[in-house]
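Start from the sequences, fold in the hints, and give me the full structure.
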Amino acid sequence: MNPIRLNSLYSGAFALQWIALLAAFSLEGTVWLVAGGLVGAIIFAVSLHIGKQGRHHQYNESFSQIVMAVSFFLSLLICFVLGIEKGVFYLLLGMIVAGNLSMTTRRNLYFTYLGTLFIVLYAASRSYGNIFTIWIILYVLAGVFTLMLAHTDSRLEASLSDDNYDRPAISLAAVILVTLCLLLGTGSIYLLFPRLPPVQVSAFPSSGGTDYDADSLEDNRSGGGGSGETGGTQGKAGSQAEPMQGGGTGIKDSHAPRDISLQGGFDYSLMFYLQADRPLYVRTHVYNDFDGTIWRYTDPGEISLYRPHRRFVFDGVVPEDKGSIVYQHYIIQEYNDASLPLALRPTVVRFPGNTLRVNGEGSITALRPLQEGTSYAVESYQQIVASHLADGSGDQEINRRRYLQVPPQVTDRTTQMAEEITIDVDSDLDRAIRIESYLQENYPYSLSSYGIHPEAGLVEWFLFDNRKGHCELFASAMIMMLRKLDIPARFVAGYTSDDPNPITGYQEVRNPGHAWVEAWLPPLGWVTFDPTADWGEIQSSTSPMLIIPLIHYIKEQISQMQQGEDGESWLVKLLQVIHSFLQIIWVMVKKIIFVLSTGWELFTVWLKMSGAWWVTLILISLTAWYVMRLWIGGQLALIRLALSSEQANESRVMLGWYEMESAFARSGISRPDSATPYEFQLRIGSFLPQKINGVDILCSAFQQARYGNRPLNNSDMEKALRISSQLIRSTMHPLLPLWLKRFFRK
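Here the sequence shown is numbered in the working numbering, starting from 24 and rising by one per residue.
Calculated directly from the structure, the hints in this document are not laboratory data.
Owing to the predicted nature of the structure, the values given are computational and were not obtained by experimental measurement.
Honestly, I wouldn't trust all of these hints.
Claimed, not checked - Lysine-lysine pairs mimicking DSSO-like chemistry, simulated, CA-CA at most 30 Å apart:
hint, residue 1, residue 2
1, K491, K507
2, K491, K578
3, K613, K578
4, K614, K596
5, K714, K742
6, K578, K596
7, K578, K614
8, K742, K75
9, K596, K613
Unchecked claim - What follows is a set of in silico ranges between Cβ atoms, one per label pair, in the way DEER data are often shown:
hint, residue 1, residue 2, range
10, V54, V111, 20 to 28 Å
11, L144, L200, 27 to 35 Å
12, L470, R334, 36 to 44 Å
13, R334, V62, 32 to 40 Å
14, V54, E108, 18 to 26 Å
15, L666, Y113, 35 to 43 Å
16, N732, F96, 54 to 62 Å
17, S592, Y649, 55 to 63 Å
18, Y649, Y681, 20 to 28 Å
19, T438, L144, 55 to 63 Å
20, L105, K614, 50 to 58 Å
Built from N, CA and C at the ideal position, the CB exists for glycine as well.
Quick look at the structure:
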């Protein structure tokens, strides 16, 4: 049953359990981290001590079963009070404690490892901050240390007596060496290897609270509401949600382009975390009416949707053959607004509340402003048309007059400019693209336009006088020119997300926000345009190596912190050191890549000039085939040995000998039919003198298994198989093959 002989294994198990528990409690706050860490340390230490004493005394496992039963019933209670997620978490903790009470074998230890791994994975799924990376590193190091102890314990099992189980498993130098190698290897893989695409998020998020519920459907009814036209994107609620009329509006019904970004200042405060598989335009508010200074949403009516199970379906039928579904997961931070950030044309929203409201422009709001920690998931439908996003709702009807209103401050000068820009194009889509490109190329982006109140109106002051401005002025000008060309358009305020945190994978969406345009272009529906200079359509990073976006991310963090109050803090200095270190690594990597690429180019040129390129390629192919034959053949031999555990000892030893013979034959050292095992043993020893003792033990075990009349014991069998595996591995090194040693011996 593989009994545990090393006391230090219990220390490793304690480290695994405690670090996993601290990682999970770190997400709940400092109080939970300190209190939970202290209580967990006591419980784990006591239970492991009881389990350790069970090696020398025959304890009844009923105590462990009682703890398991109590944990099960307590977890059921927690499921009803705190939710299924918390219940499963505490059930897993109870199972680990129960396993500690009867931990006498390495099988129990591996169960503990598996349980703590699930806890860390659970915590990682809920984490979106950089600090959690520290817990992962600590857990990995503790896991490597524990597995090294377990491996040493298994190696010593056959040779150590029961009285020697206190013997140290590994030296401190070995631990330090393995740790450094692990950090270097994982760090290199993390920074330099190609990155995997992000995971799609479609399930309901694990956290987010339930404080957005309405007690009943009647609690949402209020008088005085209009019919509430539902526009073109959220015109239908899916059959799984019950609509009703409601009065009032849950969003800000006006937007001042000259002041909106100054309301929150330029403090780069974190609005929300977003996990998605692509960069997004995240909408928060949509406006249709412009008086020359302020954008407004003019229809106060809205539709309230009541869904007890908190899953809301909009526009359930979408043409997926023309577009795709975008999965999003939001974690709110300093947002504090009732309108839900989401991408164009949401189809499914999973929200921690049973009521949502939809206004005439498709903006979705909660009953109350979103608070920090709120988590929800969204599925949105999008099409890509001429590098622009479209919602595919062109088969629906809209009130065109609603999106063609132009204030008196926008004169015929704007009409003439729009007509001149689009004089040689025919379709409305091409006209919109031409206006967008014209503004991007001829009007620079500038923040100096904030706070200015021109008498002639913002749009024409921007187009003809100032000729530079911020995103709200670009969007307002494009909308007015589109409307002058009889193309319906509306103003959209929100955020862009195209700079994910390379450590966590979440996109950190910060102030200030952004503004862009949506134009109604049947049959495409509402199409997104971004006329702001130096902005354009957001693009995802194409760098295959993580080190490049990591350098960029750290540089942005340093820049933002230097503009704030903590510009001279120790954290800024630490980030500057890390940034410099990563830049040095990247310079070295670029030099290595340059040398390798230059060498390959010279090699290919030489092949072409020599005229014998096909001979060289054949030699390279044969060499590669030989190397792969050695390595793959050796790996398959090791697998066959590992799968022979159900066979008799004699059969396993003979299999080990024959696999060893085949491995040496692949290396060019075969056993002649006339040679005895003892003669082949001497032949191997001439090539591998350091293995002569091991080959002698294997040869003796093989001859006893093949010709002897008494059975092999387990200890001799395991020792013979271990030597056989070592000999097979010695033939798998293509850089110094055995046939090369034989050549030099001759």
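Verification of the hints:
Simply put, K491 and K507 have alpha-carbon atoms about 21 Å apart, close enough for the 30 Å limit, and the pair holds. Our distance criterion of 30 Å between C-alpha atoms is met by K491 and K578, whose separation comes to about 28 Å. For the proposed pair K613 and K578, the alpha carbon gap of about 19 Å is at most 30 Å, so the pair holds. For the proposed pair K614 and K596, the alpha carbon gap of about 27 Å is at most 30 Å, so the pair holds.
Straight-line distance between C-alpha atoms of K714 and K742 comes to about 14 Å, which keeps the hinted pair within the 30 Å bound. Under the criterion of a C-alpha separation no larger than 30 Å, the hint pairing K578 with K596 is consistent with the structure, at around 12 Å. About 22 Å separates the Cα atoms of K578 and K614, which keeps this hinted pair within 30 Å; it holds. At roughly 28 Å between alpha-carbon atoms, K742 and K75 fall within 30 Å of each other, so this suggested pair holds.
A threshold of 30 Å between alpha carbons decides the hint, and for K596 with K613 the separation of about 26 Å falls inside it, so the pair holds. Between V54 and V111 the beta carbons are some 23 Å apart, a value that agrees with the proposed interval 20 to 28 Å. Hint check: L144 to L200, Cβ distance near 28 Å, so the stated range 27 to 35 Å holds. Range check, L470 to R334: about 42 Å between beta-carbon atoms, so the 36 to 44 Å window is met.
The given range of 32 to 40 Å is respected by R334 and V62, whose C-beta atoms sit roughly 37 Å from each other. The hinted window of 18 to 26 Å between V54 and E108 holds, with their beta carbons roughly 20 Å apart. For the pair L666 and Y113, the supplied restraint of 35 to 43 Å holds, since their beta-carbon distance comes to about 39 Å. As the Cβ distance of N732 to F96 is approximately 59 Å, the hint placing it in 54 to 62 Å holds.
In this structure, S592 and Y649 meet the distance hint of 55 to 63 Å, their C-beta atoms being roughly 58 Å apart. Checked against the hint of 20 to 28 Å, the pair Y649 and Y681 passes, with Cβ atoms roughly 22 Å apart. In this structure the supplied range 55 to 63 Å holds for T438 paired with L144, their Cβ-Cβ distance being about 60 Å. Range check, L105 to K614: Cβ separation about 55 Å, and the 50 to 58 Å hint holds.
Checked against the numbered hints given earlier, the structure satisfies every one of them.
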